[in-house]
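Taking the numbering used here, the leading residue of the sequence shown gets 1, the next gets one more, and so forth.
Hints are computed from structural coordinates only; laboratory data are not their basis.
For glycine and all other residues, C-beta sits at the position ideal for the given N, C-alpha and C.
Honestly, I wouldn't trust all of these hints.
Lysine to any residue pairs mimicking SDA-like chemistry, simulated, CA-CA at most 20 Å apart [claimed, not checked]:
#, residue 1, residue 2
1, K42, I90
2, K42, L102
3, K11, I35
4, K72, E24
If you anchor each label on the Cβ, the simulated ranges turn out as follows [unchecked claim]:
#, residue 1, residue 2, range
5, K121, I35, 27 to 35 Å
6, E86, K11, 17 to 25 Å
7, L123, E24, 13 to 21 Å
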Amino acid sequence: RELDQHDGLVKILCGVVINRKLRETSRADAMHAIIYLVFHEKNVMAMARISGLLEMLTEVALYKDEDDQIQKWAGAALWKLTCCPENKIIVASRTACLRVILHYFKSADHVLVGYAVAILKQL
């Protein structure tokens, strides 16, 4: 769905993902909803501008004890956001986003390394 009137929903979903006191399934469901919204072409430009989204993505990507799937979805979301030309500067200008790329390169997980390469190619 288009986000013109639903940025409050994304902020709520970000709050669920960051809240490690919630069950892992609730956090994963919230992250899955965010991924669905990010991958909708009409939303990708607006998503990077929603307060708290990039912060949440970088926080879960860098948290060492984070669920593997949530970390991978964070990488997928960052990659998709960088595919939009209007978002490249927003992502590249955030130190935390660049730290995620380095963190993923150091990972033993080939999927995370792949996201790091894909994000760099887009930037």
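Within 27 to 35 Å or not, the Cβ separation of K121 and I35? 20 Å, violated
Taking 20 Å as the top limit, are the C-alpha atoms of K42 and I90 close enough? OK: K42 and I90 at ~18 Å, within 20 Å.
Given the hinted pair K72 and E24, is their alpha-carbon gap at most 20 Å? 15 Å, holds
Assessment of proposed distance window 13 to 21 Å (beta carbons of L123, E24): Violated, since L123 and E24 (Cβ atoms, about 31 Å apart) do not stay within the stated range.
CB-CB spacing for K11 and E86 relative to the 17 to 25 Å hint: 20 Å Cβ-Cβ, so the 17 to 25 Å window holds.
Has the given pair, K11 with I35, been kept, meaning a C-alpha gap of at most 20 Å? Roughly 13 Å separates the two Cα atoms, so the pair holds.
Would the pair K42 and L102 pass a check requiring their Cα atoms to be no farther apart than 20 Å? Violated - the C-alpha atoms of L102 and K42 are around 29 Å apart, more than 20 Å.
Hint violations for this structure: numbers 2, 5, 7, all remaining hints satisfied.
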